[in-house]
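The listed protein sequences derive, respectively, from chains A and B. Per the working numbering: the first sequence = residues 1 to 163. Per the working numbering: the second sequence = residues 1001 to 1163.
I should point out that these hints are in silico values taken from the structure, not numbers from a laboratory. Just so you know, these numbers come straight off a predicted model, no measurement behind them. Check before you lean on any hint, since a few could be wrong.
Covered stretches of chain B, as calculated for chain A (at least 3 residues, CB under 8 Å) [to be verified]:
{"id": "1", "region": "1008–1017"}
{"id": "2", "region": "1020–1028"}
{"id": "3", "region": "1137–1145"}
For each label pair, taking beta carbons as the anchor points, the in silico distance ranges come out as [stated by the list, open to error]:
{"id": "4", "chain 1": "B", "residue 1": "R1075", "chain 2": "A", "residue 2": "T7", "range": "26 to 36 Å"}
{"id": "5", "chain 1": "A", "residue 1": "R75", "chain 2": "B", "residue 2": "E1038", "range": "20 to 30 Å"}
{"id": "6", "chain 1": "B", "residue 1": "A1095", "chain 2": "A", "residue 2": "R86", "range": "44 to 54 Å"}
{"id": "7", "chain 1": "B", "residue 1": "R1075", "chain 2": "A", "residue 2": "G81", "range": "16 to 26 Å"}
{"id": "8", "chain 1": "B", "residue 1": "S1037", "chain 2": "A", "residue 2": "V153", "range": "12 to 22 Å"}
{"id": "9", "chain 1": "B", "residue 1": "R1075", "chain 2": "A", "residue 2": "G70", "range": "31 to 41 Å"}
{"id": "10", "chain 1": "A", "residue 1": "G81", "chain 2": "B", "residue 2": "H1099", "range": "32 to 42 Å"}
{"id": "11", "chain 1": "B", "residue 1": "T1053", "chain 2": "A", "residue 2": "R75", "range": "27 to 37 Å"}
{"id": "12", "chain 1": "B", "residue 1": "D1097", "chain 2": "A", "residue 2": "S37", "range": "30 to 40 Å"}
{"id": "13", "chain 1": "B", "residue 1": "S1108", "chain 2": "A", "residue 2": "S40", "range": "38 to 48 Å"}
Where a beta carbon is used, it is the ideal one built from N, C-alpha and C, also for glycine.
2 protein chains.
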Amino acid sequence: MAENHRTMPTRDQLRIWRDYIETAQALSTSLGSRLQSESSLSTGDYQVLLALTEAPQHTLRSSELATLIGWERSRLSHHLGRMEKRHLIRRVPCADDVHGVDVTATESGRAAFRAGSVPHLRAVRELFVEALTPEQLAHLDNTSAALRRHLGVDAPVAKERAT
Amino acid sequence: MAENHRTMPTRDQLRIWRDYIETAQALSTSLGSRLQSESSLSTGDYQVLLALTEAPQHTLRSSELATLIGWERSRLSHHLGRMEKRHLIRRVPCADDVHGVDVTATESGRAAFRAGSVPHLRAVRELFVEALTPEQLAHLDNTSAALRRHLGVDAPVAKERAT
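With the sequences and hints as input, model every part of the structure.
See the structure below:
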C-alpha cells in the first residue's frame, strides 16, 4: 500500500494524462480528415512529402526518412509503395549502397504537397491556434519541452522546418 | 497575401503545434513499449480490456466498444480477432440483434489486464507525472479542456474511469 502511494498516479493525474493523449489524438484525427477531404493526401503522405520537399534534390535515403518522421521501416516501406503507385514519389536503389534506396518526391508529388499545405495550415490555425490564448500556447510550449526533456528525446527535427 | 496573414499560423505557432502532437505521440509510443515489455499486452489490448473490465458483466456490444475507445469498426474487428485467438476476449452474436456482436473479457483477459495495470500506471507516473510540476499539470488540464471545447468533442468517457 505504501508502495502504491509512492508509485501510482492519483486519479486526477491519470485523468489529465488521458485527456492529454486523447485530445492530441482527436486533433490529429480531425486535421487528418480535413487534409484528406481538401487535398486527397493522407497525414502520412503529407509527412513524407514535407520531409522530401525540404531535402536537397527532394530526395532522402529511406532510412533517413524513417528516422526523420519517426516511423518503423516496415510501415514506411508499405506506405511508400502506395505513394509510388500514385506517382507521388519515386524509389531508386542507391548507387553506393546495395541495401539503400533513395526516395524522391516527383513533380506531381510536390504539386500535391503545395496544393495541400494551404488548407492544412489553415486547419491548424482554426482547430488549434484559435482554441488557445497566447498564454495557453506559451504554457503548452513549455510543457511539451519539459515532457521531451524528461523522456530524453530531442526537440523534433521539424523544429527548423516550415511546418 | 492579406488572406494568408489572416488565415495562416505563424512559424512559432506551427512549431508549438508540431511539438505538441509529436510529444504526445512519443509519450504514447514509450508507454506502449513499456506496457508490451512488462505485460505482453499492446496499448490496443489494454484499451479494449480496460473498457470491458469496467462494463457490466465485462461485456459490451462491439459498436459501443468502438465508440468508447474511438476506433473505426474495421480496425476494432481485426484487433478483436487477434485478441480472441489469444483467449483474452470472446465474441458472441447478440440474441436480440442479428447484426450485433457482444464482446466479453474472459477470465484470462481480466487477469492479464490486472497484471498489466500496475506497471502501466507506474509508467504513466514516471514518464508523465514526474516530468511536470503541479502547476504545469494544471495548465495542461486547462489547455486540453479548451482544445476539446473548441473541437466540439465531449470530455473523454475515460473521465469517470479509474485510468
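Status of the hints after comparison with the structure:
With a threshold of 8 Å between beta carbons, the proposed coverage of the region 1008–1017 of chain B by chain A holds, since 8 of its residues qualify and at least three are required. Note: the region 1020–1028 of chain B has 9 residues with beta-carbon separation from chain A under 8 Å; the three-residue rule is met and the coverage holds. Judged by the Cβ-Cβ criterion of 8 Å, the region 1137–1145 of chain B is covered by chain A as claimed, because 8 of its residues qualify and three suffice. In this structure, R1075(B) and T7(A) meet the distance hint of 26 to 36 Å, their C-beta atoms being roughly 33 Å apart.
A hinted range of 20 to 30 Å holds for the C-beta pair R75(A) and E1038(B), which are about 24 Å apart. Between A1095(B) and R86(A) the beta carbon distance is about 46 Å. The supplied range of 44 to 54 Å therefore holds. Taken as a hint, the range 16 to 26 Å holds for the pair R1075(B) and G81(A), whose Cβ atoms sit roughly 20 Å apart. Here the CB-CB span from S1037(B) to V153(A) is close to 18 Å, well matched to the stated 12 to 22 Å.
Look at R1075(B) against G70(A): about 21 Å separates their beta carbons, and that is not inside 31 to 41 Å. Taken as a hint, the range 32 to 42 Å holds for the pair G81(A) and H1099(B), whose Cβ atoms sit roughly 35 Å apart. T1053(B) and R75(A) have their C-beta atoms about 30 Å apart, which keeps the hinted 27 to 37 Å range intact. Between D1097(B) and S37(A) the C-beta distance comes to about 32 Å, which sits within the given range of 30 to 40 Å.
Our hint of 38 to 48 Å for S1108(B) and S40(A) holds, since their Cβ atoms are close to 45 Å apart.
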